[in-house]
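Same order as they appear, the protein sequences are chains A and B.
The first sequence finishes on residue 570 if you use the working numbering, and the numbering steps up by one all the way, no holes.
The second sequence finishes on residue 1436 if you use the working numbering, and the numbering steps up by one all the way, no holes.
Incorrect hints may have been included.
[Claimed, not checked] Cut-off 16 Å, straight-line C-alpha distance, at most; resulting in silico cross-link-like pairs (EDC-like, lysine to aspartate or glutamate):
| # | chain 1 | residue 1 | chain 2 | residue 2 |
| --- | --- | --- | --- | --- |
| 1 | B | K1375 | B | E1419 |
| 2 | B | K1014 | B | E1032 |
| 3 | A | K262 | B | E1142 |
| 4 | A | K527 | A | D261 |
| 5 | B | K1141 | A | D261 |
| 6 | B | K1346 | B | E1292 |
Hint data in this document are derived by calculation from the structure and do not stem from the laboratory.
From a predicted model like this one, the values you see are computed outputs, not experimental measurements.
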Amino acid sequence: MPALDQALRPNIWDIVALVLVIGAMVLIVYGGEQTTRPLSSLDITPVSLDPANLPLYALRTTMRMLLALICSIVFTFIYAALAAKSRRAEMVMIPLLDILQSVPILGFLTFTVVFFMNLFPGNVLGAELACVFAIFTSQAWNMTFSMYQSIRNVPKDLEEATQSFHLSPWQRFWRLDVPFAMPGLIWNTMMSMSGGWFFVVASESITVGNTTVTLPGVGSYVALAIEKQNLAAIGYAILTMLLVIIAYDQLLFRPVVAWADKFRFEQTASGNPPTSWMLDLFRRTRALRALTLPFAALNRAFSNLRINLPMELGSEARIGRPSRVLDAIWFLLIALGTGYAAFWAYQYLSANLNLSDVAIAFGYGLLTLLRVVVLIALATLIWVPVGVWVGLRPKLAERVQPLAQFFAAFPANLAFPVFVSLIVHYQLQPNVWLSPLMILGTQWYILFNVIAGASAFPTDLREAASSLHLEGWRWWIKAVLPGIFPYYITGAITASGGSWNASIVAEVASWGNTHLTAAGLGAYIAKATEAGDFPRVVLGVSVMCVLVTLFNRLLWRPLYAFGERRLRLG
Amino acid sequence: MLDQPDKTSLIDIKGVSRSFPKGSGEDLLVLEKVDLTIASGEIVGLLGRSGSGKSTLLRIIAGLIAPSSGDAECRGKAIQGPPNGVAMVFQSFALFPWLTVLQNVELGLEALGIDSAERRKRALEAIDLIGLDGFESAYPKELSGGMRQRVGFARALVVHPDLLLMDEPFSALDVLTAETLRTDLVDLWIEGRLPIKSVLMVTHNIEEAVLMCDRVLVFASNPGRVGAEFKIDLPHPRNRLDPAFRQLVDTLYARMTQKPEPKTLPLGSVPGGGVGMVLDHVSSNVLSGLIETLAGPPYNGHADLPVLAGQLQLEADEILHLGEALQLLRFAQLSEGDLVLTDAGKRFAHLETDARKKMFVQHLLDYVPVMGLIKRVLDERPSHTAPAARFRNELEDYMSEDYADETLKTIVSWGRYAELFAYDEQSETFSLENPN
């Protein structure tokens, strides 16, 4: 079979690709070996500011993030599928996810560090898992939401086709639901990976009461640099992050995006499909491609497994009257569970706190709320005009867009030196001047969404506006602002959610021995965490959760719905 | 084989009804006591207006939805879930955009657990048969509409079904492409090269039904039921210009317009004084245009529907829609496949815009009860405003939510044209005040 021989004979691309694959495997094994050591080894080889250590730190940090990403994907598949396929599960799971989304991630750390450290006493693995879990909580929810929404919106005709051609529910999931959800899922995964950096820095070096854990990684390197007031080290850390972000973008995400372009649900081919040199490289290889054939076959066999899922998970009961009795029992169970949880939460909190504590927490919450509102407004005033200006120039937009995404990955801690030094030097009020740290990483979401909106603004409308002599503020109010509104809202929602999360880091900044604190809910939670004061952590987290949820429901959701209904173009 | 269909029946439908939950109160009956038998070796067409339940019946046979009552059997066994030996072709093609042509075609075989060598062989045969050679590795989005539907056919044929179900398979295609595909399919069928025994197709295109089918069931609406059955024994290939062909098309048009549908019964004969009438949305511009066309030559107020549909490039279903709207407003009369302008219609054709609006208002108030109701409510209320929900609820006593939406949309559009009232979309309120 000459054709097969031809296909198997390696070419030059095979060698390049092989080196890359083996290199990646070696790195993973090397990084993995470090995680199972006893906890005391952390004290023997403490984190040092020597830049020579940074490649290893970067490797370990990246591995934590990728591990968390894998966990998030597994979680997403299971959670989203259950919620989308079972009506009863959906009733509980979707509101739960909504709340989880608004729980401040750093608030989780307090509980999980203790939990995981107790799970593997005296071993680094416990701390590693706690860190991975923190990153996981920052990545998973939006991915799960995206997948759930995709599965719920699978086109009716494709659904009927799978039934008509006798695909089992299991086959249907892998052949229809997963591919259909893929583009949204990948986009959200990339966003999650960017967002994860913020929490890596916060969670690699954490103090909960008497327990202090410092895992080797970029995050703890930054923490140490801040403690030692080493500006050069901060610079090295920024450079390292830059390189790591470029590396995983080029080696991982771009190929995936280019490959996943075929899953985009559209009936006509789009203008410019995304490309990736990495994917092209692998597509040019002969032997490696042949090696992937068994994987493809395995994948096929896996999705064709004859797994019988329960009826409700399969085709939603066709003649469709759900049993009232089962519903009643289900509601009763939910009510009992909620009541039980409420009872214990009340017991625990009321034993340690009283009403005045709640009032204090809410007071701080309102302060932080004020900061979020003012900062979002300021960021809007600055970035909307900039974003529109950039977005209307396609060539420029192409360059600025990835830059904005890159800035979004940078944790606020890296700006501590600048802010703390300035505040101390000019004797500024920390309550005011620490606030910008909250929006440092999140303002970019507004920028790149506005850029996206302005780029998508139809040319004919622009031409109509100029032929009608719409100029100045009229041009903004009548033409451009309504056109980008849905995009702006998407960006603002992300930015506001991120700012709440960031408040826990941003309201307590330090540089060496200088510790500055702004009064607010973030500082309240941060202090309670450091003191190991669990009841107050729970209270602070709950208050933030309530405020964020209310803020979303009362402001963002209606605005979003309005934008989608009235102002969505095309 | 076409002249003598053998008598073993593939599908037996006896007294099948289907209802769907409605916005308020009782269920909406979309299909009432339908009987249908499909024998081996015939092409059966289900012809009817949209909403006449023909697609519902097709989906019951496909096992995609279950009947509310009655028996649906495939080869003597009750249909529970998609039966073996039945494959479906979709109006929207329903191809998986992430699978290549070959993978799309293989999908049905894979689900049956057929091994890969056999799968490949059969898929290539089907692709070959349907004229897709050379496109095996293309993705659907790279293909034109006609080629995509060919993939849809190959995917259905590859499982060698006894019965091929087609849900308006040509209606998403342009006229020329649709015609090529139809004749290709009919040719393969008469040559006996299709690996199937029978075909059941849903259509609202009368000529298509006459061109392809051995038997046509004309559906009546509200609730959907079989109104009449026609045998078509013209020999294949059929010629659209053949007088016998034209005769059949005319007969079918007449049949579809003959009986006044309950939803266009005169005022007062429907419970609730006719408020519960379903109004299909037709733009007032289109109505005016149609009246002008009818009034002018060559029709001079009297048009044969197939001819009119041909000139305006409309499907039977669409032209009937328009005709019914005119009939409802008493601008024209539908009878025996003809559309005849009334005196009012003739006067309307010669009026200026403002005078037309005045006349339109009068006809709306006289003949569309729900318009009168809204006007009355707005006049009586001190604020002269009323939320749309007030009327939507009333509509939903008679019809499903979808129909209520459609009806409301029509009310708003006609009311705005006639300047009978104003409507604010954001607050969903009717009011008498027009913005000046």
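Status of the hints after comparison with the structure:
no.	hint	in the structure
1	K1375(B) - E1419(B)	holds (11 Å)
2	K1014(B) - E1032(B)	holds (11 Å)
3	K262(A) - E1142(B)	holds (11 Å)
4	K527(A) - D261(A)	violated (46 Å)
5	K1141(B) - D261(A)	holds (12 Å)
6	K1346(B) - E1292(B)	holds (8 Å)
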